[in-house]
Amino acid sequence: MPFLPQRVSLKLKMFGGTMAVVLLVSAVIAILARWILVTSLNRELEQRGVAIGQSIAERASGFILDKDRPNLVSLVFDAAQLGERKVLVSYIFISDNDGRILANTFIRPFPADLRGINPLPENKDYSIDLVDFDRSQAIDIAVPVREGIYTLGAVHVGLSKSHIDSLVGKLRTTFLGFITAVTVVMFLIVLRLSNAVARPLSRLTQAADAISRGSLDAPEAMLGLSDDAIKHCQAYADTDLPCWHFDQNRGEGEPTSQAASRTCRECRFYRKEGGGDEVAQLAESFSNMIWSIRLYRRRLRESEEKYRSLFDSNPDPVFVVEAATGRILDANSQAEAVYGYGRKELVGRGLAELEPDADGGVAAYLADRDAPERVLFPKLRHVRKDGEPLYVNVHACRIAYRARDAVIVSATDITELVEKDAQLIQASKMKTLGEMSAGIAHELNQPLNAIKMGSDYLKMVAETGGLPSPVALAAVTGQVSEQVDRAAAIIGHLRDFGRKSEPKLEYVDINEPIKGVFTIIGHELALQGIEVVLRLAAVAPIKAHANRLEQVFFNLVVNARDAMTGISCPAERPRRLTIVSESRDGLVDVSVADTGCGIPEAARRKIFEPFFTTKQTGQGMGLGLAITYGIVRDYGGEIEVESAPEKGSVFRLTFPVARDRGERGP
Amino acid sequence: MRTILVIDDERPTLQMFELYLGAYGYKTLTAASGEEGLAVFDAQTPPIVLTDIKMPGMDGLQVLEAIKARRPETEVIVITGHGDTDLALAALGLRATDFIDKPIRRETLEAALGRANGRLDMAEAAGSGGDVAAACEETVGVIHIRGSLCGESEPYLTKAFRELDDAVGVLFDFTPNASINGAGLDVLASVAETCRASGRPAAVYGLAENFVRILDRLGITDKAPRFTDRGEALAYLAKTTS
Numbered sequence: 009m010p011f012l013p014q015r016v017s018l019k020l021k022m023f024g025g026t027m028a029v030v031l032l033v034s035a036v037i038a039i040l041a042r043w044i045l046v047t048s049l050n051r052e053l054e055q056r057g058v059a060i061g062q063s064i065a066e067r068a069s070g071f072i073l074d075k076d077r078p079n080l081v082s083l084v085f086d087a088a089q090l091g092e093r094k095v096l097v098s099y100i101f102i103s104d105n106d107g108r109i110l111a112n113t114f115i116r117p118f119p120a121d122l123r124g125i126n127p128l129p130e131n132k133d134y135s136i137d138l139v140d141f142d143r144s145q146a147i148d149i150a151v152p153v154r155e156g157i158y159t160l161g162a163v164h165v166g167l168s169k170s171h172i173d174s175l176v177g178k179l180r181t182t183f184l185g186f187i188t189a190v191t192v193v194m195f196l197i198v199l200r201l202s203n204a205v206a207r208p209l210s211r212l213t214q215a216a217d218a219i220s221r222g223s224l225d226a227p228e229a230m231l232g233l234s235d236d237a238i239k240h241c242q243a244y245a246d247t248d249l250p251c252w253h254f255d256q257n258r259g260e261g262e263p264t265s266q267a268a269s270r271t272c273r274e275c276r277f278y279r280k281e282g283g284g285d286e287v288a289q290l291a292e293s294f295s296n297m298i299w300s301i302r303l304y305r306r307r308l309r310e311s312e313e314k315y316r317s318l319f320d321s322n323p324d325p326v327f328v329v330e331a332a333t334g335r336i337l338d339a340n341s342q343a344e345a346v347y348g349y350g351r352k353e354l355v356g357r358g359l360a361e362l363e364p365d366a367d368g369g370v371a372a373y374l375a376d377r378d379a380p381e382r383v384l385f386p387k388l389r390h391v392r393k394d395g396e397p398l399y400v401n402v403h404a405c406r407i408a409y410r411a412r413d414a415v416i417v418s419a420t421d422i423t424e425l426v427e428k429d430a431q432l433i434q435a436s437k438m439k440t441l442g443e444m445s446a447g448i449a450h451e452l453n454q455p456l457n458a459i460k461m462g463s464d465y466l467k468m469v470a471e472t473g474g475l476p477s478p479v480a481l482a483a484v485t486g487q488v489s490e491q492v493d494r495a496a497a498i499i500g501h502l503r504d505f506g507r508k509s510e511p512k513l514e515y516v517d518i519n520e521p522i523k524g525v526f527t528i529i530g531h532e533l534a535l536q537g538i539e540v541v542l543r544l545a546a547v548a549p550i551k552a553h554a555n556r557l558e559q560v561f562f563n564l565v566v567n568a569r570d571a572m573t574g575i576s577c578p579a580e581r582p583r584r585l586t587i588v589s590e591s592r593d594g595l596v597d598v599s600v601a602d603t604g605c606g607i608p609e610a611a612r613r614k615i616f617e618p619f620f621t622t623k624q625t626g627q628g629m630g631l632g633l634a635i636t637y638g639i640v641r642d643y644g645g646e647i648e649v650e651s652a653p654e655k656g657s658v659f660r661l662t663f664p665v666a667r668d669r670g671e672r673g674p
Numbered sequence: 028m029r030t031i032l033v034i035d036d037e038r039p040t041l042q043m044f045e046l047y048l049g050a051y052g053y054k055t056l057t058a059a060s061g062e063e064g065l066a067v068f069d070a071q072t073p074p075i076v077l078t079d080i081k082m083p084g085m086d087g088l089q090v091l092e093a094i095k096a097r098r099p100e101t102e103v104i105v106i107t108g109h110g111d112t113d114l115a116l117a118a119l120g121l122r123a124t125d126f127i128d129k130p131i132r133r134e135t136l137e138a139a140l141g142r143a144n145g146r147l148d149m150a151e152a153a154g155s156g157g158d159v160a161a162a163c164e165e166t167v168g169v170i171h172i173r174g175s176l177c178g179e180s181e182p183y184l185t186k187a188f189r190e191l192d193d194a195v196g197v198l199f200d201f202t203p204n205a206s207i208n209g210a211g212l213d214v215l216a217s218v219a220e221t222c223r224a225s226g227r228p229a230a231v232y233g234l235a236e237n238f239v240r241i242l243d244r245l246g247i248t249d250k251a252p253r254f255t256d257r258g259e260a261l262a263y264l265a266k267t268t269s
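Keeping their order, the protein sequence lines are chains A and B.
Numbers 9 to 674, taken from the working numbering, label the letters of the first sequence in order.
Numbers 28 to 269, taken from the working numbering, label the letters of the second sequence in order.
Mixed in with the good hints, there may be bad ones.
Straight-line alpha carbon distances no greater than 25 Å define the calculated BS3-like cross-link-like pairs of lysine-lysine that follow [as the list claims (entries may be wrong)]:
id, chain 1, residue 1, chain 2, residue 2
1, A, Lys460, B, Lys186
2, A, Lys460, A, Lys508
3, A, Lys314, A, Lys352
4, A, Lys178, A, Lys94
5, A, Lys467, B, Lys186
6, A, Lys439, A, Lys428
Read the hints as simulated data drawn from the structure, not as lab findings.
Predicted model only: the values in this text are computed from it and were never measured.
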């Protein structure tokens with residue numbers, strides 16, 4: 009109904025609408041009734057007046073002809089005083105055709121007002137007219153007095169207008185009283201009805217509002233229901249027990265045991281049949297719904313608390329990072345402890361700030377929409393608030409967090425492990441340096457020898473008082489300079505090799521560490537009759553540590569040497585060490601092949617294990633290849649071995665090419 | 028002057044040798060490997076050969092063996108890495124005349140070449156043999172050793188030793204250009220042991236500085252101390268016996 013404002017309450021609509029209809033119907037009935045009743049009453053009275061007039065006219069004709077006025081007067085008096093007529097009939101008079109009054113019922117002089125009133129038209133049986141006389145009104149009914157075809161005069165009967173009005177008034181009062189009574193009754197009924205509908209509805213509304221505001225307490229009280237059923241329902245008090253009536257979708261993965269699948273024979277709570285009209289049923293349903301919502305909200309809160317406690321008690325730092333912006337939405341207390349930030353400082357901070365070496369970390373994962381759901385980033389370098397670096401293994405996992413795409417980032421602090429690793433590698437390098445010392449001494453002795461001889465030669469010439477020939481002088485000085493450079497290069501190389509690697513990866517041309525190995529033990533290999541073939545074609549750089557890679561190749565080369573010079577190896581076998589490096593589709597491959605005695609099948613699977621060695625006790629710790637393996641894996645590389653007895657072994661190393669060289673520079 | 032063949036895989040070293048020996052007036056041949064050295068030796072037959080031991084391919088000891096097999100009287104001086112006593116011993120066992128350590132010191136090289144030349148001179152003048160002679164100086168028996176003390180010298184040494192039966196101590200008196208090889212060292216060790224067993228002190232004089240390490244190594248200096256002064260050595264022997 010567009011002309012009714014929307015905010016008019018249902019109660020008012022029902023009440024007002026019903027009352028309007030009742031009143032309208034009453035009014036129509038009243039008007040109709042009044043019209044019918046008053047009209048018929050008037051007509052009845054007039055007919056009665058006409059009948060009185062006619063009866064008088066019939067009897068009066070004789071008296072008029074006889075001119076017997078006393079009888080005529082008595083006649084009109086008798087007629088006027090008969091029974092109840094004296095109330096109704098105000099006057100009666102008889103007039104002749106000339107208008108002279110022959111008889112009347114007035115006991116006082118005949119009112120002049122009545123003379124000549126209500127003349128009878130020709131050929132009419134009666135005539136009715138309202139007349140005023142003596143400050144009162146009357147309905148004058150004129151009836152002709154006929155004798156044969158002659159009209160002798162007229163009988164006028166005056167019906168008292170006030171009497172008729174009082175009759176009509178009584179009738180009206182009665183009728184209006186009745187209508188009013190009906191209306192009042194209807195009013196009360198409608199009021200009650202509309203209240204019965206509207207009050208539960210508004211209660212439901214209030215309850216719904218309360219739920220919206222988060223208040224779920226006592227739905228029964230809220231809805232005005234009795235709450236005795238609650239005390240008997242186990243599921244209500246114990247949230248671990250589901251209500252089997254409601255909870256139809258529980259139990260994916262839950263045991264459908266007897267206990268879990270039982271159903272209350274008669275639910276004391278969920279009692280739809282409990283009665284009441286539709287509105288009451290709606291209220292009950294609503295109450296059940298609130299109960300159910302409360303149960304699930306409680307369960308949700310418990311679950312949230314459980315996971316919150318898991319989140320907070322996690323020994324590793326855990327972050328929730330918004331996928332779109334890379335900002336931290338939440339962090340646990342361990343994250344504060346490990347990274348040195350307060351939680352408030354962490355929230356809203358970009359995760360990128362924690363990992364300055366952004367290549368390939370979580371930042372890249374966030375940006376890559378095609379990445380798998382869960383990924384592990386090993387050995388990422390992160391930075392604490394105070395600028396100290398730390399090393400972490402990062403698990404990243406996509407989730408939805410408060411309706412946003414987010415990533416759970418769990419970082420395991422492995423700084424100590426990385427440091428231990430570095431120490432182990434360093435120790436193994438030192439051991440290698442020790443093993444190389446004979447070779448180093450030899451390598452250093454060569455230039456020193458040449459320098460010594462050259463200078464001795466000059467000294468000798470000087471002692472004899474002569475001058476060396478320009479050619480000899482040039483040769484000696486040239487050689488001295490060259491050999492000093494050579495010695496310095498060897499020492500520099502050793503220093504680089506022995507240097508502790510910086511935590512940050514460098515861009516390394518893989519051919520450099522390979523060549524580096526041979527600057528130190530190349531001569532020794534040559535002395536042992538090992539032919540070294542280097543085909544170094546790799547051009548792409550990789551991200552690694554040059555001196556650790558040298559350690560890797562040193563281990564491989566020394567192993568190859570031992571495989572070719574061992575006692576079990578016949579001396580007549582060709583001794584050839586071939587190292588090939590090449591770049592291909594984003595990878596750098598290096599193979600180190602020897603013609604040694606090969607690795608037995610049984611040992612091949614174990615060679616990368618720590619402390620596994622085929623050498624005699626005291627000859628090796630069995631850590632060389634294990635460390636080699638660790639180093640290669642650290643740079644994202646792979647190492648595998650192919651070997652056949654009597655055919656030699658091939659170690660194949662594969663490293664990913666450093667990708668972002670262009671933008672970051674070496 | 029004599030011709031010297033130098034075999035070393037280090038080109039700079041060869042170059043320096045060439046200048047160095049040239050300054051002494053030697054005619055110098057060089058070879059960068061054992062095989063090349065042997066070829067040069069076969070072609071030129073130099074009386075003195077200097078060879079590095081550690082070389083790729085044919086190493087110094089093989090070269091030494093081959094040269095001694097072709098021409099035993101060749102004076103072969105091996106060049107060892109610093110302090111390679113084992114290699115030095117092995118070389119002496121293969122009858123190398125002498126050995127010098129790297130880096131090559133001028134005095135050592137001069138001394139070694141001097142001894143080699145001395146022995147060559149002696150051999151040219153007197154032929155071989157008769158390198159060992161016994162004499163008595165007061166109560167001390169002195170065994171003069173010229174040239175090379177080697178396996179073949181043993182009968183002479185034993186004979187000389189017998190002649191000195193009544194001496195109270197024995198001095199092994201090496202001439203400045205005398206050399207000793209592996210077998211000679213064995214002989215020396217056994218004679219020194221015999222001396223000790225018979226209660227007579229023994230001493231060594233005059234062996235080049237280089238050999239001291241070897242003597243130490245073989246424990247000969249324990250039985251027969253080495254002296255650089257002949258008087259001291261005689262005084263030691265006299266004092267110990269008195």
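Okay, the hints, checked on the actual structure:
1. A/Lys460 - B/Lys186: violated (45 Å)
2. A/Lys460 - A/Lys508: violated (33 Å)
3. A/Lys314 - A/Lys352: Answer holds: A/Lys314 to A/Lys352 is near 22 Å, not above 25 Å.
4. A/Lys178 - A/Lys94: holds (19 Å)
5. A/Lys467 - B/Lys186: Given pair A/Lys467, B/Lys186 is violated - Cα atoms ~47 Å apart, limit 25 Å.
6. A/Lys439 - A/Lys428: Holds. A/Lys439 to A/Lys428 sits at ~16 Å (cutoff 25 Å).
Comparing the model with each earlier hint shows violations of hints 1, 2, 5; every other hint is respected.
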